[in-house]
Amino acid sequence: MAANTAAVSLTVNGKPVTAEVDPRTLLVQLLREHLRLTGTHVGCDTSQCGACVVHVNGKATKSCTVLALQLGGANVLTIEGLAAPDGPLHPMQEAFRENHGLQCGYCTPGMIMTAVDMVRRKGNDLDEHTIREELEGNICRCTGYHNIVKAIAAGARAMRGTSAAKAAE
Amino acid sequence: MYAFTFHRPQTVRQAASLLAKNQEAKLLAGGHTLLPTMKLRLAGPPQLIDLSLIDGLAGIEQSGRSLTIGAMTRHNDVNTSPVVQQAIPVLAKLAGMIGDPAVRHMGTIGGSIANNDPNADYPAACLGLGVTIVTNKRRIKADEFFTGMFSTALEPAEIITKVSFPIPKKAAYQKFRNQASRFALVGVFVSKRGSDIRVAVTGAGSNGVFRVSSFEEALKKRFSPKSLEGMTIPADGMNSDIHGSAEYRAHLVGVLARRAVAEAIGKSAA
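These protein sequence lines are chains P and A, in that order. Using the numbering used here, the first residue of the first sequence is number 1, and each one after it goes up by one. Using the numbering used here, the first residue of the second sequence is number 1001, and each one after it goes up by one.
If you are wondering where the hints come from, they were derived from the structure by calculation, not from laboratory data. Yeah, the Cβ is synthetic: ideal placement off N, Cα and C, and Gly gets one too. One thing to keep in mind: the hints can contain errors.
Stated by the list, open to error - Pair by pair, the computed Cβ-Cβ distance ranges are:
1. P:R36 <-> A:R1065: 48 to 58 Å
2. A:D1196 <-> P:R36: 54 to 64 Å
3. A:A1003 <-> P:A84: 34 to 44 Å
Said to hold, decoys possible - In silico lysine-lysine, DSBU-like type, Cα no more than 35 Å apart, as pairs:
4. A:K1137 <-> A:K1170
5. A:K1169 <-> P:K122
6. A:K1137 <-> A:K1221
7. A:K1026 <-> P:K150
8. A:K1192 <-> P:K122
9. A:K1026 <-> A:K1137
10. P:K15 <-> P:K150
11. A:K1093 <-> A:K1026
12. A:K1021 <-> A:K1170
13. A:K1226 <-> P:K59
14. A:K1226 <-> A:K1137
15. P:K15 <-> P:K122
16. A:K1192 <-> A:K1170
17. A:K1267 <-> P:K15
18. P:K59 <-> A:K1137
19. A:K1137 <-> P:K122
20. P:K122 <-> A:K1021
21. A:K1170 <-> P:K59
22. A:K1021 <-> A:K1093
23. A:K1170 <-> A:K1093
24. P:K59 <-> A:K1093
25. P:K122 <-> A:K1226
26. A:K1226 <-> A:K1267
27. P:K59 <-> A:K1220
28. P:K59 <-> P:K150
29. P:K150 <-> A:K1220
30. P:K15 <-> A:K1026
31. A:K1220 <-> P:K122
32. A:K1021 <-> A:K1137
Take these sequences, add in the hints, and give me the full structure.
Okay, here's the thing in structure tokens:
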């Protein structure tokens, strides 16, 4: 690694993490390349497609457009941290499975992280218009969105009264 | 990206001193314009100065007839603030039209106006409401702040700390989006506060945000879309590209100004 590196300490999926990184390292690179959490994807790398969405301090954030060094002390939740490794799926993941809300699956981690954030901000009763507006920053090139919208509405209802959304945050 | 060193000052004074020592350094606010620009190697600052650890740069406060928004306040926080929604509802609405939800969690008002992108929404609100931009050195009127495309009156080592909005009696913003980028192809902000009437346009001008004095004069007689009937602005100085010709943009300025005035007085769009 280049001589110019800096240390950053943050929490990822509930675990403290310290890494020595080149200052140019993006959050998504820290997650994928340093921590081997490859569930977070890179689609466009220009903050448009949303495949890289994770939660930073509880809010949906495009991890391709944040430097790792900006996140000293931050709390990051990725798709891997949404449900316990050996437990049932998070209700939003289950809703995507149940409603066939994916085809190739590339955009899915970002869709699910965005959907969980949408429920946090907009509540459990999401109409189709709201869901479609809120998905402005998440692009899917397979599904035509129909089943994604259905999955998010169902997942939002299923999250009612659960603490699943708060796990690891 | 070109290599850089990263700084996280704790105070505005420390940030200003870093900036003074490193003339090529850039301030990092939300980073949603700067980082993509650096990825494309269109910018290569040798130092980045992250403002996110500085206390007191973010926040929203109303005092009498004035609303103050800290430079590091995120678009989402302006959009959802009950104080902004009550004092200047159009400003909350405008903040919710920027980018997408994830972008609005990071992007900041200070970053947007310091960048002065010719298609950005906040410059139209700032010029259209006649704000005062407060820096670590002085107070700058919006009319003097926006000096051209991607350029402002900010001096080296000058840092925006907050924006002070006078609360208008009536105001509205009409944004006509580019259907691909969702940026404003043309956006028109109108406001009325006593005899101060402002019409500010983003997206259209080849030199960034500007006011339309002919429209403002017409609206002084009567603040109604009828006052602007048949009025347009010259196509000279308008942007022209594959998304729309200069004539098209000039035409939209008139249409959107009439719609904005109609919205401001609570009538359905003309």
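How the hints compare with the structure:
| no. | hint | result |
| --- | --- | --- |
| 1 | P:R36 <-> A:R1065: 48 to 58 Å | 55 Å, holds |
| 2 | A:D1196 <-> P:R36: 54 to 64 Å | 58 Å, holds |
| 3 | A:A1003 <-> P:A84: 34 to 44 Å | 40 Å, holds |
| 4 | A:K1137 <-> A:K1170 | 31 Å, holds |
| 5 | A:K1169 <-> P:K122 | 30 Å, holds |
| 6 | A:K1137 <-> A:K1221 | 38 Å, violated |
| 7 | A:K1026 <-> P:K150 | 44 Å, violated |
| 8 | A:K1192 <-> P:K122 | 33 Å, holds |
| 9 | A:K1026 <-> A:K1137 | 18 Å, holds |
| 10 | P:K15 <-> P:K150 | 33 Å, holds |
| 11 | A:K1093 <-> A:K1026 | 29 Å, holds |
| 12 | A:K1021 <-> A:K1170 | 44 Å, violated |
| 13 | A:K1226 <-> P:K59 | 44 Å, violated |
| 14 | A:K1226 <-> A:K1137 | 43 Å, violated |
| 15 | P:K15 <-> P:K122 | 28 Å, holds |
| 16 | A:K1192 <-> A:K1170 | 5 Å, holds |
| 17 | A:K1267 <-> P:K15 | 55 Å, violated |
| 18 | P:K59 <-> A:K1137 | 33 Å, holds |
| 19 | A:K1137 <-> P:K122 | 40 Å, violated |
| 20 | P:K122 <-> A:K1021 | 45 Å, violated |
| 21 | A:K1170 <-> P:K59 | 33 Å, holds |
| 22 | A:K1021 <-> A:K1093 | 39 Å, violated |
| 23 | A:K1170 <-> A:K1093 | 14 Å, holds |
| 24 | P:K59 <-> A:K1093 | 20 Å, holds |
| 25 | P:K122 <-> A:K1226 | 39 Å, violated |
| 26 | A:K1226 <-> A:K1267 | 12 Å, holds |
| 27 | P:K59 <-> A:K1220 | 44 Å, violated |
| 28 | P:K59 <-> P:K150 | 22 Å, holds |
| 29 | P:K150 <-> A:K1220 | 50 Å, violated |
| 30 | P:K15 <-> A:K1026 | 32 Å, holds |
| 31 | A:K1220 <-> P:K122 | 41 Å, violated |
| 32 | A:K1021 <-> A:K1137 | 17 Å, holds |
Checked against the numbered hints given earlier, the structure breaks hints 6, 7, 12, 13, 14, 17, 19, 20, 22, 25, 27, 29 and 31 and satisfies all the rest.
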